[in-house]
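Student: Residue numbers (numbering that gives the first Met the number 0), protein chains in the order written: chain H, 0 to 236; chain F, 0 to 223.
Simulated from the structure, these hints should not be mistaken for laboratory data.
Treat the hints with caution; some may be incorrect.
[Stated by the list, open to error] Label-pair distances were calculated between CB atoms; the ranges are:
1. H:Ala120 to F:Val207: 31 to 41 Å
2. H:Pro125 to F:Lys22: 20 to 30 Å
3. H:Val115 to F:Leu214: 36 to 46 Å
Note that this is a predicted model, so its numbers are computed, not measured.
Yeah, the Cβ is synthetic: ideal placement off N, Cα and C, and Gly gets one too.
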Amino acid sequence: MTETAAAPVITVSDLIKQFGRFAALRGVNAEFSAGKLFAILGDNGAGKTTLLRTLAGLNRPSSGEITILGSSKFQNICLHVGYMAHPSLLYDEMSAMENLRYFAQLYGITNDTRCVEVIRAVGLNPDLPRPVGQYSQGMKQRMSLARALLNDPKILLLDEPFSNVDQHSATEMVRLLAGLRDQGKTIFIVTHQAALLDGAADEFIWMEYGKIVDRTRDLKREPAPGLTSELPRNSER
Amino acid sequence: MSAPTGITRVTLLKDLRLEWRSKDAINSMLFFSLLVVVVFSFSFDPTAEESRQIAGGLIWVAFLFAAVVALNQTWAREIRNQVLDAYRVSPAPANSLFLAKTLGNFIFVTVLEALMTPLFIAFYRLRSLGPVWQLLLVAIFGTWALVVNGTFFAAMSLRTRSREIMLPLLLFPISIPAILAMVQSTTAILNGEGARFWIVLLATYDLVFTTVCLLLFEIVLNAE
Numbered sequence: 000m001t002e003t004a005a006a007p008v009i010t011v012s013d014l015i016k017q018f019g020r021f022a023a024l025r026g027v028n029a030e031f032s033a034g035k036l037f038a039i040l041g042d043n044g045a046g047k048t049t050l051l052r053t054l055a056g057l058n059r060p061s062s063g064e065i066t067i068l069g070s071s072k073f074q075n076i077c078l079h080v081g082y083m084a085h086p087s088l089l090y091d092e093m094s095a096m097e098n099l100r101y102f103a104q105l106y107g108i109t110n111d112t113r114c115v116e117v118i119r120a121v122g123l124n125p126d127l128p129r130p131v132g133q134y135s136q137g138m139k140q141r142m143s144l145a146r147a148l149l150n151d152p153k154i155l156l157l158d159e160p161f162s163n164v165d166q167h168s169a170t171e172m173v174r175l176l177a178g179l180r181d182q183g184k185t186i187f188i189v190t191h192q193a194a195l196l197d198g199a200a201d202e203f204i205w206m207e208y209g210k211i212v213d214r215t216r217d218l219k220r221e222p223a224p225g226l227t228s229e230l231p232r233n234s235e236r
Numbered sequence: 000m001s002a003p004t005g006i007t008r009v010t011l012l013k014d015l016r017l018e019w020r021s022k023d024a025i026n027s028m029l030f031f032s033l034l035v036v037v038v039f040s041f042s043f044d045p046t047a048e049e050s051r052q053i054a055g056g057l058i059w060v061a062f063l064f065a066a067v068v069a070l071n072q073t074w075a076r077e078i079r080n081q082v083l084d085a086y087r088v089s090p091a092p093a094n095s096l097f098l099a100k101t102l103g104n105f106i107f108v109t110v111l112e113a114l115m116t117p118l119f120i121a122f123y124r125l126r127s128l129g130p131v132w133q134l135l136l137v138a139i140f141g142t143w144a145l146v147v148n149g150t151f152f153a154a155m156s157l158r159t160r161s162r163e164i165m166l167p168l169l170l171f172p173i174s175i176p177a178i179l180a181m182v183q184s185t186t187a188i189l190n191g192e193g194a195r196f197w198i199v200l201l202a203t204y205d206l207v208f209t210t211v212c213l214l215l216f217e218i219v220l221n222a223e
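Extracted from the complex, chain F is given alone in its bound form (with noise of 0.2 Å):
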């Protein structure tokens, strides 16, 4: 049998594959953060200072809408024609595909956000007084944070009939500790007042949450 790891791999490269071929989770992410900075921008017109005050929010919570519909694509796939069956009868370990997946949907929402964020320093003319660097770190650890619960919930609600309500209702709780340190650290950063705590608060979660799930996956995924 094939180490983890590399089931991991192979299993990240097909969902990768599988994505640019459809590219129905990124075209669907796109569209809907774009009409968030559109809709919100046009609403609001925020002067700059306005702006830095408003922007971790609408920037997160935009991310965090779009990565839902990411988050339920990449379980669809596996539903039809039951596909999961297939790696369920295999000696292949629960836990390699669900890193694979979650670093799957930390890829597409890292390229939602790559693509979307000069969007949003244009729309919104936004300037960072405080180091971008620490920016950044939000960026990673927030879109970890969305990303590890929402697919470990995405699989969890991948039986019932409305997996859709499903998952934002399952997720968006259990994701608010993290969205507030994702908004408050970005507001703080942008700013230029410290967000060390928030930061670490950030990690910290990440780390909890990428455990727990690590130990719950299989019994998720063997669910009846």
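So here's chain H without its partners, still in its complex pose (with noise of 0.2 Å):
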């Protein structure tokens, strides 16, 4: 496991999570620090969205803790939090702007300002009238980034960013991600795609049946010690 020297923005404590008998998260102990890049690894089911819906408040933990920026509040963490899912979170039937401005004011942002700037930050038109339903994927996924960065979060949870994206707005999606790292933001990304975030991620944390098995700073990963490649028994996942 990668240390870490400054003091951890996240930490998670033999977090759990189970949906009825099928436990998604099994013990996960983590601290992450603030101001990095992490991504997300693991083969489907391995525990990511989980992971990231759990620290974005939506799901609640079976058991264990988890703290964000000194606190377990949902209300004092949900300000600082950004969140994007593997859906785009938007309403079809509305424009760029109408959809950032409905989400603005729930965070208390009245003006267009911010919603203009963050549209334009994903490298959108926010002046485009038609509604987002008639978007291509490539530009939902960058509109629902673009959601996300609404409420200029401290702590960045993407889900699969770039699914679905071509190849030169993922880079470029990257190169902003990287950016808003550098600015101070701490961001999780999962993804499938790590080959894009070789080189932009501060680390990569590898997850398997509902565990960090391993984090490491570039791609290249070695089994952890004592990790097995048999799947868990039933009664076990």
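Combine both chains into one complex, guided by the hints.
Tutor: Set out below in structure tokens:
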């Protein structure tokens, strides 16, 4: 595991998340320092999305504790967290500006300046009148990122931000995210396109069967000591 | 963060805008109610006296079934693209969302009632023998009773596999006292009889269920 010198911005202790009898997270322990870009990697069903949703406050931990920016209360945390999911989290029938104007008001942002700023930041045109439902998948992904950036969060949780995005746009998004990291934001990216983040991510977090099994500074990963490639028994999953 | 009333207002305006563009809820409600009026009118062909006896039941059952369509639609929008999660990760209070949805549904059903009532009057040759303002009171309290519970139970059945079926199964039994009060008071007013008891019952029902829904909505919204 990579040692981190700076004070952790997120601390996760013995985090377990169960859906009925299925354990999606099986005792996650980790500390994440501020101002870094973390890429969360792993096979389907490894618990990456569940971890991200739990950090965002969308899933309640079955047991264990999450401390974000020194607090474990959602009302204190949510103002500083931006969340981008695999679906767009946008209303298809409304334009980019209409969508962002609505979501901005949920955070108490009442002027359009911030909305225009984030739409431009992701490389889209805020004056585009057509509804988001008519956008290409890549444009929707970028709009979704713009929505996550609205409240100028200290922590960004991004689930598959590059899926269905062309290579050029994905590279642009990585550049934008690296820039945000350089401004001091802590960014978590769940992705299956790890190569895109090679050189940009500060740390690669490897998950298997609901646990963090390794943390590396580059994409090359040696199997963690004691890690088995066997599937756990049903009762363990 | 915006005040809860401000968030209720912007969410309501957003819902009205979405409905204005799609007209999903209002169109389905209108066609459904229209069918009920026409089919029953041709089936029974009642006299003016008979109409006063059956109109209360007929009108409210038509509006109840039509309202279910709107209630399902309003939450379906929030499930598409998982937009509801964007609200849940924000600091906006759950009750602001609930109130906005309830007010939105109240407006949709009221619009439906305003459009359908003249048709009911024409098809069933209705003439109220009691004061019309009391009918207005019943319409307001009755519609609120339908939508407040309906919005709550529609949210509750949001994550179930067959939510279109779940909603009536949950909503209708709990609405029985309200429907009874709505039908009895409407019939009484149309026939020139006193309806004070039923109107008070309806108002009490609204008060109790609005309070309960507001107290429980956050749990429903964040249920996994």
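Student: For every hint, state whether the structure bears it out.
Tutor: Going down the list of hints, with the structure as the test:
With their beta carbons about 49 Å apart, Ala120 of chain H and Val207 of chain F fall outside the hinted range of 31 to 41 Å. Distance hint for Pro125 of chain H and Lys22 of chain F: a CB-CB separation of about 27 Å, consistent with the stated range 20 to 30 Å. For Val115 of chain H and Leu214 of chain F, the Cβ-Cβ distance of about 39 Å falls inside the hinted range of 36 to 46 Å, so the restraint holds.
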